[in-house]
Structure formats: structure tokens, C-alpha cells
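Those protein sequences? They're chains A, B and C, same order as listed. Residues 1 to 754, numbered by my numbering, are exactly what the first sequence covers, in order. Residues 1001 to 1286, numbered by my numbering, are exactly what the second sequence covers, in order. Residues 2001 to 2158, numbered by my numbering, are exactly what the third sequence covers, in order.
Hint data in this document are derived by calculation from the structure and do not stem from the laboratory. A few of these clues could be false.
[Stated by the list, open to error] In silico DSSO-like cross-links for lysine-lysine, where the CA-CA straight-line distance does not exceed 27 Å:
| hint | chain 1 | residue 1 | chain 2 | residue 2 |
| --- | --- | --- | --- | --- |
| 1 | B | Lys1153 | A | Lys668 |
| 2 | A | Lys103 | A | Lys279 |
| 3 | A | Lys441 | B | Lys1286 |
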Amino acid sequence: MNFDPRFSGRKFTSVGTRPIRPDGVDKVTGRARYGADFNMAGQLVGRVLRSPHAHAKIRKIDTSKAEKLPGVKAVITAADLPDLTDGDAAMYDVLDNCMARGKALYDGHAVAAVAAVDARTARQALKLIEVDYELLPHVTDVDEAMKHSAPLINDAIFTEGLEEKPVKPSNVTKRSQFGHGDVHQGFGHADFIVERSFKTEQTHQGYIEPHACVASVSSDGTADLWVCTQGHFVYRQHCAQLLGMEASKLRVTSSEIGGGFGGKTHVWAEPVALALSRKAGRPVKLVMTRDEVFRASGPTSATSVDVRIGARKDGTITAAEATLRYSCGPYAGSWAEIGAMTAFACYRLDNVKTVGYEVLVNRPKTAAYRAPSAPMAAFAVESAVDELAKEVGMDPVEFRIRNAAQEGTRSSYGPVYGPIGIGPTLEAAKSHPHMKAPLGKNQGRGMACGFWFNFGGQTCTDLNIGMDGSVSLAVGTVDVGGSRASLSLVAAEELGIAYEQVKAIVADTSSLGYNDMTDGSRGTFSSSMATISAARNAIKILRERAAQMWDISVDDVVWENGHAIAKGEKHGNLGRLSLKEIAVASGKTGGPIAGHSELVADGAGVSFATHICDIEVDPETGATRVLRYTVVQDAGKAVHPTYVEGQYQGGAAQGIGWALNEEYIYGKDGRLQNPGFLDYRIPVCSDLPMIDTQILEIPNPNHPYGVRGVGETSIVPPLAAIANAVSNAAGVRMTHIPMSPPRILAAIEAKRAG
Amino acid sequence: MRYIRPLSIEDAVGQLAGSAGTAAILAGGSDLLVRMKGGFVEPDLIVDIKAIEGLSEIRETADGFSIGAAVPCAVLGESAALKKAWPGVVEAAKLIGSKQVQGRCTITGNLCNASPAADSVPALVAAGARASVVGPAGRRTIPVESVPTGPGKTSLAKGEIIEAILLDKRPPRSGDAYLRFIPRTEMDIAVVSAGVNLTLDESGVVIAARVAIGAAAPTVLLVEEAAQVLIGSKLDEAALERLAKVCSGACRPIDDKRGTVEFRRKVAGVLAKRAATSAYARAGGK
Amino acid sequence: MAGVAVSTTINGDHVEYLCQPDETLLDVLRDRLGLTGAKEGCGTGDCGACSIILDDRLVCSCLVLGAEAEGRRVETIEGMAHGDKLHPLQQKFLEHAALQCGICTPGFLIAAKDLLAKNPDPTEEEIRFGLAGNLCRCTGYDKIVRAVQDAASVMKGA
Ligand SMILES: Cc1cc2nc3c(=O)[nH]c(=O)nc-3n(C[C@H](O)[C@H](O)[C@H](O)COP(=O)(O)OP(=O)(O)OC[C@H]3O[C@@H](n4cnc5c(N)ncnc54)[C@H](O)[C@@H]3O)c2cc1C
Ligand code: FES
Ligand code: FES
């Protein structure tokens, strides 16, 4: 059957309601099983030895003493994970990141691993491994790394994307450029120009659950992996490739996941656990400590961004330009490229140019973090936009409304927009009561906009109708925050049955076809599309069965409100057949009834948000307090509004942490100083006010219900919104994030000193 | 490794003194267990002092208060009499960690952990608190400021245990206060802090003062000059400004992940002013 | 290293176990007793995911030795519901969607239970400071605070 994904206006019965999630009771009673909650008989404890150096050649690793320690069952190094990547550079980097090959590239880089009978033995064994390091000069700062004098992290890197191939290697792996028009000319028409440089420090996704897995490799070459991941199918692909296995022989089960935000889209220790299990011949459980999570997984890029924007007296932007430098850790990435694409995406611009540079540093491999790369670009651009509005003498909201992109605008990164929500979110913000709330002394208000693409991707879903008429829905996108509830609502909606009749589960890699990660805000968007498609396929069969039961043509059977109805005068005497009645009879009408769907969900629908916040600054200490916070965002269609609000609030809270206090702090020795929650300061409950949300619904034309991705956009505006609020409260422009108290106080003092 | 839970202080002292390898005293464990988890210490003997007779009590004596070494800070906060007499000490103790940590942590542990940023210590130093120490050589009473000698180091000898922290009875018109600076609202270690303890005469003039600054030097600083600035004043604007200046000047801070030298200097003065104002009000000054 | 024999009460049941002297109560609960409701988010007292109640005091089980539980009373998330009847806090967490990933939820529920036991009618600020030892990275705390407020009013009525 051809699936038509186009939006059709309709009235909803289930979609848009707020039922309790199907996995809820297990989660409030402690029964739900997360990554570290699973055990296998005879399992060993795996632990990883990590480099204490930022940059060092590994001359030799002697594991003999560790191997002799009673209770140690396997010790591995890079030699046990031979290179099978066959020229796939990105996979080679993943492999090298899992276990250093020749060089340790950051503090925390894995160099060896052990499996032992218990944790204590494993810990002791790590101490017995002797690594002979030759220290190399290191660089951790993104601007420093770009200098010609900087230590080279990989001498095989020659900047890509330049007109001429450079003759010398450098730490810049790629240059990318976006835009249209002529910025030079555009600035010529400007009456006001704002030009500024900004910096943001590196942050971590900060999920509360550390990476954890149990790997079990059998001598016949089959294997099982239980793991907390945002994409078990991708993990299977990667692990199979790195270990030289056939994908179908490796079954990956995704546990409940205790947060990911992009950080669990990437294999770190899983191939190591599999290699340990293969060598030891026993299952191996490997759980990272919090220290390892910070030192060796996650983080997002640190950035340095220059922005220049010009406007006419009437408030029209004439040109906008940005240069963005993003740290990638020690491996090539495309983080600056994404930043360069998103930087000016909110605006309607005739002349725009953005250039991104990907920069290698001796820090952990950068991973996606919720709308990756967009918040830093938005921080720089939205700060400059605020300043420019001031210069022009316009209210910041009015200024943005005047320049906002619309349907038909050519975006700064290329495509022409369909119906979009930037204008409506700005209008909603403008008339929001928050804008009129009184401000006291030392308090300031800020606002900012944000954009995110959203992704679709490969999705596969099975919908099985039981003999009793209940429906089980098997999806392959991991549920990171309530998607099983949302997808059950969608199945109920499409089939016309009650939400309680549907039970959604996340299937393992052997039970369902391939699915991409739950990232790019795709979970609900793409799986709901596949669910609708699967349900429609099931409905087709239900109609056929009803036709058979009535002995009429299937063309005369329609599906309405969960029932087959015979249409037309001649069938006037036939009653309705409920889904349950058809299901009960299915044994006699052709067997089980199911609907399947395999599709590539396209057109996830870009999304926009506008945030408003009020901040109080203590001018004597630089301390800040978030007084009020409001999120306005377009959801396309909110399938389960409570979980949409939750996504808005969660993204805002992460953004607040990033803006005010979270940062990776490296010492002169290149070692991470704060790999723990005590000094990597994510917001605690008493740091935040209630976070007000307003959901707008501007239907996505490429989804039957109009759904857009909602998970990520909410982290894009906060950095800038808070920077604008702090700048207004403190009377001095803040250009370095996080705006920790010492930075704010220093800025205030510098201004006082003139 | 062995874990023991002696019932008497003599037994505990004996076990500690007689132990061959490294021994650690376990009170609330909120420092010790963190260090064990990080692999920084691996004691051969852990002596849990929480079952020792009398150590879990707050006693009000003729001379003041005796706070047993095993009393968790949560219990400290529940003692109305102590809160009334020494609100600054109690507020400092209540700032340590979360509700969860409060259920375990002790002010003696806070003192003996010898972190320059320990919250209860500036308040105790300002309060003129003393520690009752029991060891193989018997009992002695020492001022709390003589316990920590540098980050992670104390003057206690092998086998010595602090049994209780002693606080004096209050003269009339006395008040104390403690403030710290942290970037979040909770769950942070002090970037810099100040404890102030004042006694006034009937007209509101300060007649006795002690000012202590935390996280601004290897150990908590008792700033004698700051006390002199306050004594004889009614805490007018000029006195407060001088107090801030003296406190900022007394700091010998470092740059680290929690703050910069300039920040600590500046904020030490600000906090001293604010803590003095609060202590003055608590003492009944207007 | 000699094991320590411990006899204790967990969720009202008498329990005996052997543990190593340096083993935390969290490890004992999770690895020896199969009570995996308490989670390890940090192991150093910073996240509260391992919260339990020990003799009526809220503590981080990662900062308690297994050996210390001798003769004490331990309450974990597994003991919070009565049979198949959820505790009002559990019910309100579900109704308000106070959990997204849910890894922090057992710790929050235990901490909130302790909070309401000591202060049945807390203000928003008291709730926020009372729960500051529990980190949640998903929700921004808004719905958690509302769920606790709602549970408090239900429990007062009861
Ligand atoms: C999450 C978290 C947050 C924290 N926040 C703060 C904070 O905000 N402010 C702050 O100041 N601290 C903080 N701390 C540190 C710690 O909680 C405090 O220092 C606490 O007061 C230590 O007390 P304890 O009883 O737990 O000490 P323990 O860990 O039991 O002992 C600490 C040290 O003192 C020794 N010791 C204990 N009792 C005695 C005794 N009677 N005689 C001799 N030596 C003894 C021990 O051997 C050990 O070396 C925090 C810790 C954690 C885990
Ligand atoms: S695991 Fe105990 S507080 Fe984080
Ligand atoms: S719900 Fe995920 S950490 Fe709280």
C-alpha cells in the first residue's frame, strides 16, 4: 500500500489527550530495568584503564602482571580490537576512541580493559597494567588549537573545504560555508552595524544514568548485548563492524534509558565489553563511573564565534555574517558546519554568509547534545541581534518580528521554508503576560529565538492485533521520555480504539527491521508516521476480514471509530463490526491480523521557539537568580501535550545550566578538573522557577497529523535569552558562556573601572 | 580491610592506636566514603564511632553545649536550644550538602576533613568553639582552629579521636552568622565564606567580635584585625566598609575550578559585611 | 578481606547478608539483594538517585557502608507501594508526568516521602530546597514540584 504522509486536517479523539504512560508504574516502583539493572549468570565485571594524560604516545603496554592476578579473566588492549573498518574513516575514529591505538588523545582515553570476577579484583588489575607513555604537547582551547604554533593532534589532517589543498597539516579538519547574496554590499546599506566575538565552554549532556551494558559472546559467534542506548540498531551495526561479526548474529536489547540527549547515540565501551566477553568466554558487565562519563563520553563543542550584523534605521537587517569555530575533540566532525547552518535560520535575509571551522583539541570526542551546535550559534547571533535592536532603537521583539523568516523565505542554509512558526512564536511571546511582569532593581529581562531542523529517517514498526482485540505495537525507536505513550495514542487514534487497548514496546534488534537512532527529535515524528502507516495497513486487513464475515465486497467496507461499517443502501441491515469482533473471528477468516510499516520518514518539519526570561544579578557578587522563564514553541501537533511540555521544560533547564554554570574546566596539564556533579554544576531543583510553556500548533505539511519534532529546539534559545537578560540586569554585555559569578562580577567591575 | 564498631571511646582509641596499617575514623562517611570510592584512600581499618556511648548526643551543660562527634547535622538543626544560642553555627552546619548528606554528616567530620572550604569551620572558629580530644595519652581540650593544619591535614596524633565540640554559654546580646558564596543555590562547595560572632553592650556597641573567613587560605582564617574594626562600633556603614576591606586584604586565596583570586578577595569582604549585619541583628542591635 | 555478616530490616523484612567491609549499602542492595530500584548516578553523594531511608533519616545509600546497616531499618523504593496500591506520591508522579527517563524517579520519590513526613504542608520553596539533593536532567523539575504539591494536598486530606 502506498502511504500518503501529507497532513490532513482532522478532529482527534486520542491524540492531544494526556493519559498515563504505559511504562509508568514500573518506573515509580523501581521495577523498570535500566542499563545497570540487568545481570547474567556467571557475569564478570569489566573496567577500563584510561589515560591520565591529555596527549601521549603509547610506547608499550605490559599487561602480564594484571593477567596473573587471581580472578582476572581477560585483559585487552587495542591489539584485541584489530582495525576492520576497511577505510571507513568515521568508524576508524570510533574504534580509536573506544581503545587508543598508538596515541592517547585526551585525559580519559581508554588504553586497556580488564574483566574479573568482582569489582575489587578488576580495580586491582587496572593498577597492575603498566603503560609506558611519552608525553606530547597538548592543546585544549579551540582558539589556541587553530594557531599555527599549536601542537598537532593528527599530522594526517589537511583542512578540507579550502580552495587549495593546504601544504601543511593543521588542527582544522574542515571549512564549510553557507549563505546567499552579497554581505559586503549588504553592510554598505546598513545604518548600524554590531560586531562582536563570543565564546562558549564545553558542556556535557549530563544524563543521570552512566553508560552501562552487559555483553555476552558465545563461542559459536553469536552474541547478546543489553545496553542503555538511544539507538540499539545503530549500536548493533557499529559493534558488529568493529568486532567483525555479522549484524544478524548480534542481538541488541535496549534497556530503559536514563537520559541520553545525544550522548547515547555513540558506542563507547560496548565494543570493549564485547571484546572482553569474547576473550573471557563469559558475560561481561561494564558500567562507567561518573568520572568516566565526564572524562570519556559526551561532551558538546566548545566554541568561539564572531558575528557581524547590519541594519537600516527602519530595523531591516541588510547583512549578516558569522565565523564559527567548534571543537570536535581529537577526531574530525561536522559540528561547526551544523552551527553555520543554523546560525541565522530564524531570519529573512538578503545577504548572509556563515563560515564554520572544525577544530581538533585534546578533549573527549564531541558527541551530539540536543540540537547539536545550534545553541552556541544562537547565543552569538541572538546576543548581537539584541544589541542591534538597541542601536536601532527598537524593542527586541519588534525587531525580530520585522526580520523573521516566513513561508517562502529562502533559509540562510539553503532550502525554502514551508509553513513555519517563528513569526507566531514571536507574536505569542510579545503578547505573553510574562512580558508585562514587573521587574525590580538589578533585574533584567531577555528573550531569544531558536531553530532546529528535526530529522526523520529510517523507521520500522509492527502492529499486532491480538485475538482479544488488544493491540501490541512494537517500535524500534528507543523511548527517551514518553514516546510509548505518544505512539499508543497515535495507534489508538488511527484504529479508533481506546488508548488502554494499545500496549507499545521497544523491540530488540532481532525482532524488528532497522531503525535509526532516537535523535534529531525524530522519535515521535517518525515512529508516529510509521505507526499510522502500520495501522492503516492493519485497517485494510480488518476491512477485508469484515467483508469476508459479511460476504460482501471489501470496497463496500469502511473503517470508522474502531468499527467496520458496510456502506451503501443494500447493506443497510448489516450492523457494525468492532475491531474486537473481527479479531475474535480472525482464526477462521485467515489468521492473525497485523500491520507493518517500513519507511523513511521525510520532512520532519523545522521548528522554532522563542524564550523569555527574567534574571536578577547581585552586583556585589555576580550571583544570578532565574526569576521567571517562559517557553513558546511550535510543536506542529502535540500528540501528548504533557510530554511536549516536559521536553520544552527540560531543554530550557539544560540551557539555563549551560548559560550560567556548566563548563568543562581543564588544568594547565590538560586534565579535566571537574569530572563530577559536585563541580560540574547542573541546575538543582532550588535553582529554577516553574517553567511556563506555551505550545503552538502550526501543522507540519509532511505528517498526517501535522507533527513536528519537539525534543531539541527548546535548548537553542536559552543561552542567548539568559545572556540578554543578564546583560540587561547587569548593564554590561556578557560574551562568554557560562556566565558564572566570577565572569559576571569581573564584567561589572571592569565597567565600573571604566 | 576491617570494619569495627566499638562501643566505648577507650576501645576505639585502643584499636586505632594499636592498628598496624592505615586506620580511618568513620563518622557520617560523607568525606571518607567519597575518598574511598575515588581510590584516594584504602584504609586497613575502619573505626565506626557512631555506636560509642554518648557520642550521638547534644548535651546542654552549665558551661554551654557539648555536641557529640557522631551527631549528624540534621539533628543539630532540630535542637531548638542550640539554634537559639548559636544560630550561625547551626546555619553553617545546615548548609553542608543535601538533605541526604545532612542525615549523615557531622561537624566534627567537617573539621577533621580539614578542607579550607568546610562550611561549619568558620562559624565554629568565630564562635570560639573547642574540641575535646581523647587519645592514648588521655583527654585534652583545644581550640577548633588548631585542628586543621592545611588542606587534608590535622594536628591530631595517631589514635586520637575528637569526642565532642564544645560551645560556650552565651552572654546576653550576642549573635553569630555564617554566609558562604556558591554558584548554585545548593549542593556546591563554598567558593569563599565568612563567619561572624558579636556581643553588644546595652547601647548596641560591639564589645566582642570574632571574624573568620573560609576558602581563602590553606586553613580557615581568624581575622583579628577585622574584629578590632568592629569592636567599639555600632556597625555603621564606615565600619562595615572597613571590615570588608580588612577581610579582603587578609585573604590568601588561589585560582581554581571554583573561583579566581580576585573573586574570592572581593566576595570575602562582601560576605563579611553581610554576615556581620545579620549577626548584629541577631544580637539585638538595630 | 574478611566479609562482614549483617542482619538488618529492609522494607519490613528481616534480611541477612555477607558483604565486604568497603562495600556500600547501595552495592549490597543492587548486587547482592537484587533491589535495583535505587540507582547509582554518581556514587559520591551528588545526585540522590540512590536515596533510601535509614532509621527515619533520608540518606544516600552510596555513602553508607553495607556493614553499617546492622540492626537498622532500611526503606527503599521497592517498599513504597502497599501491595498493588501505589503511594500517593507515586500516583501523582504518574499523573503529572513528573518523570521522563525515570532514572531519578526512585530517588525523588523517597526524598519526597521523607520531606512530606517531616513537613506535610511545604511551600514551593521548601519543596525545591528539600529536593535539591536529587538531580533530574530531563524535566526541569517543574512537574516534579507540582506532583509533590498535589500529593501533599491529597495526603493531608486522607
Ligand atoms: C554531596 C556532598 C556535598 C557536600 N557538601 C558540603 C558542603 O556544602 N559543605 C561542606 O563543608 N562539606 C560538604 N561536603 C563534605 C562533607 O559532607 C562534610 O565535610 C561533612 O561534614 C563530613 O562529615 P562526616 O561525618 O560525614 O565525615 P566522615 O567522612 O565520616 O569523616 C571525615 C574525616 O574526618 C575524620 N573524622 C571523622 N570523625 C572524626 C572524629 N570524631 N575524630 C577524628 N577524626 C574524625 C575521618 O576519619 C575523615 O578523615 C559534602 C559532601 C558530599 C558528599
Ligand atoms: S549515586 Fe548516591 S548520590 Fe549519586
Ligand atoms: S526523568 Fe530523567 S533524570 Fe529525571
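Hint by hint, here is what the structure shows:
no.	hint	result
1	B:Lys1153 <-> A:Lys668	26 Å, holds
2	A:Lys103 <-> A:Lys279	24 Å, holds
3	A:Lys441 <-> B:Lys1286	25 Å, holds
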